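Please arrange chain Z on chain G, whose structure you already have, making use of the hints.
Protein sequences appear in the order of chains G and Z.
Note that this note's numbering gives residue 21 to position 21 of the first sequence, counting from 1, and the numbers run on in steps of one.
Note that this note's numbering gives residue 116 to position 116 of the second sequence, counting from 1, and the numbers run on in steps of one.
FYI, nobody ran anything at the bench for these hints, they're computed from the structure.
Here the structure is a predicted model, which means the values were calculated and not measured.
A few of these clues could be false.
Stated by the list, open to error - Below, a sample of chain Z positions facing chain G; criterion: calculated Cβ distance under 7 angstroms:
(1) P257
(2) S258
(3) G271
(4) T511
A virtual CB, placed ideally from N, CA and C, is assigned to each residue, including glycine.
There are 2 protein chains.
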Amino acid sequence: MAADITESVPESPWWGWAPFTPGGVLSDGTRAVLAERLGVDPKAKVQPPPAEVTAADLPDSTLGADALGALAEAAGTGTVSQDPAIRARHAAGKHTPDLLRQRAGTPLAVPDAVVSPGSTAEVAAIIAACGAHDIAIVPFGGGSSVVGGVTPLRGGHASVIALDLTRLNALVSLNEIDRTATFEPGIRGPEVEHALAARGYTLGHIPQSHQQATLGGYAATRSAGQASTGYGAIADLITGVTLETPEGPLVLGGRAPSSAAGPDLKHLVVGSEGTIGVITSVTVAVRPRVTEKTYGAWAFPSFEAGAEALRALAQDGAKGDLPDVCRLSDEEETELTLAQTDGTAVRLLRRWLRARGIETPALLLGVWEGTDSDTKRRHKRAVKILKAHGAVSTTTAPAEAWDRGRFSSPRLRDELLTIGVMVDTLETAASWTKLPETHTAVAEAIRAALAGGPTGSESKPAAVQGHISHVYRNGASLYYTFIAAAEDDMVAQYERVKGAANAAILASGATITHHHAVGTEHAAMLPDEIGELGVRVLRAVKQELDPAGIMNPGKLV
Amino acid sequence: MAADITESVPESPWWGWAPFTPGGVLSDGTRAVLAERLGVDPKAKVQPPPAEVTAADLPDSTLGADALGALAEAAGTGTVSQDPAIRARHAAGKHTPDLLRQRAGTPLAVPDAVVSPGSTAEVAAIIAACGAHDIAIVPFGGGSSVVGGVTPLRGGHASVIALDLTRLNALVSLNEIDRTATFEPGIRGPEVEHALAARGYTLGHIPQSHQQATLGGYAATRSAGQASTGYGAIADLITGVTLETPEGPLVLGGRAPSSAAGPDLKHLVVGSEGTIGVITSVTVAVRPRVTEKTYGAWAFPSFEAGAEALRALAQDGAKGDLPDVCRLSDEEETELTLAQTDGTAVRLLRRWLRARGIETPALLLGVWEGTDSDTKRRHKRAVKILKAHGAVSTTTAPAEAWDRGRFSSPRLRDELLTIGVMVDTLETAASWTKLPETHTAVAEAIRAALAGGPTGSESKPAAVQGHISHVYRNGASLYYTFIAAAEDDMVAQYERVKGAANAAILASGATITHHHAVGTEHAAMLPDEIGELGVRVLRAVKQELDPAGIMNPGKLV
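Isolated chain G, as found in the complex:
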């Protein structure tokens, strides 16, 4: 059974991704790998997540009665909350250093209030009230940012609110002739798919954060989903967007499927990360609901050989040959995956691959999805190209297992942090030419940074695994997971690794982020990506739409 993309889950707790499971969610295989390869005893150091916060844990709100009154009036049918638990829940996204601080009880920067409009019309009124009372606004959807995108920074203003958009979660309209659907911004991934499935459609934009993230958040962060190789990233799916800015609404798209009426301003809103206004509606292209899935898994003698095969498939295959979900693990990720699923099947697989000259396999998973037999035809054509490039078929079990567990990694992070393991992910993308070098350089930088702990400390074993998960004609994404025994100062450990990876990414000429966005985490690197002049352009746009600078200060630019 594949994961059900229409199934809603409870909202994330303030300190992590999912409610705490006392017994843990680690498999025996994972526990064994942690113990044997990373020297971590999964039972030695269990630190359950912190209790609920109380008012005593939080700084006082800076909002006076006037400002609160104005917010309450503007919010209309919505709410203005100063409840400690609600403020704490909006203090951060799911950036690992933030989770570490929350778990460590480090005093939190929290919003002075959480305002949750009940209608999109109220958003404009709230922005006006904030302008009048010198209040910064942090638009808040699923709170799943891993780059500090929802950190409640004041930016020199008197106060800061989180603008929680999750009550704005309606399907506004579905146009079955145009195959487009308009949603309010705060609808979460599963609710999008549930609303569309009821009418026979899918958006197909399913990032790992799907269960928590909102459609407005996807648009604001220029998101890519796990199936973006097939469906395109969110920028490709959005046909129209409305942005409420301090200077009024910006209504873009919707007149035609394509236009030459000057620059396409939709692309200024997509990726704007709340810094120029609040997205109040998103119109997306939809497709028929998926009824057929074909899975495949192959081994290659090396990650580079697998990447070459994917390049051939992307460049010389027919349109649609590429699987909708396409994931090539490097040798280390493959090895760790196999190690966690030890047993007869894996032993047989290793023997089968060894007999074909593959000692350190790189595993490729593919999912072709659609509505009819064409799904199988696409798969068949792709297999031909993959095999011509050295692919050795394996059971499709790994692809099906991936589909079942596609949303589980953030929950695994919770668990690893609970048992004192340092874990996080980071990502980039590069052209095919630069891909092999970038892959190696970034992995080595992470490995070296993990090894180079504080003076006098013992170097601990680490796992640094990578994969490609988005394939394009001109290049591909690279996604890394690093796991190591925790140092005393885990935030410092994280920052050392991230800094080294960033430097390696820039030196390789790759992008600073393929799909995690900029937030606070990558803001210093944005000039490397788009130049100082590009940053000036973004600032000029912000100055025009948000002259007082109240929209999500300190992010992006």
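The following block gives chain Z in isolation, referenced to the frame of chain G:
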């Protein structure tokens, strides 16, 4: 034989599209249609194009010796020309009212000089010299704008130059691993395809203006090509772009095939129409050179039925089923096409269609192109869907004839103007929901405007024909050609028609331009398209990059 897309042709003359052919290029069939349906005697009123201009025809240059010296120094290996013929050639694009004025000998607004840099490095120096001497700059590529995009407006500055980029016509690099090619901006369509064909590749961006237009011009105008249904429009093909602005270079893209590093600023350059800087390099995705073409032609009982079939193909067909070139004529365009090719074959066709209940056919042409047998498979699958939606097969001859004559229409316009026939084209795009109504409303508006001539004049018969030429999942383009006997004031006649069509397009909720861009012609309608606030955003970007306002004043915003 299809038209050779790698074949260069002579540069357009200053008064029209192609050198004058004394015998004319009209077929006997076209002459018969003009005479019988539009009451035009093709021999009654032949006005050969005007002679070459001389210095006496032009206003004096406003450039003093200082400014000319600075330009010459900045141009370095390039040239600065004040030759009357060269100034006249850069006085306008190929906008019909401009051609009418040129043919009528109306005094021309011309650039004070034409500066043609010999290297991209010189572009920055020329911009600096213009800034220092209060000179406006009109970037000039193929000069094929039909919306006044290269009109030499001063915008309050002392002087204006045309910056002719056609010496910057090199293939800078071809990366066969990434399948990307970087070109200088002034390379024309055939030279792009010639350079790529020599290495086994194609860009596949082939607008009707291909033989004159430049790659930089495609980028600047957010162009779509005749095969954009298959290849995507230029915005989809560009992977990187460099813009030289008065504030320095903006270097965008090229790090990765996709990114989430804030808004994608490439989309601010694409469609910027020279108003924020000069595009100095364009990197595009390339594909294997076309070696196979499969043609198809079908008749539908009506334009609406054909549009419904295309919608089904776009929405429910497999990826790639849509033909790369896809063109559905409405009933009037089909009728006029058949009338011009009268003969036994057409009589048989009419009988064949009538026997199948089709009295007023709407003709669909398709070209599937690629490198292997998949081209035929895609065609076959598409036919199945088209037939299920009422398509009746005809000979493929009309599709092949289209491919042979794909670049001929602008030449036909020259010829019709020469014999005193009013002719022009205009275009829009709409979502599928709005398409049928938009199609009718715009055609009727054009027809009514043509009929409503100056008081007292006799209403003359007119042809108003339309087609879809770009198909998307969410909608399609609409392209109109109108032909009528000329009134005494042809510019007024044109403006009456264009104004009526524009009003109908706006009232229908369609886009003001699908692929002709904004220029001067559509600038007044841009606020309808992107809102006053959207225009303010574009102005803010311009202010940041071009604070003195010297870049192509009076265009776009």
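| said: Tell me the hint numbers this structure goes against, listed in increasing order. | reply: none
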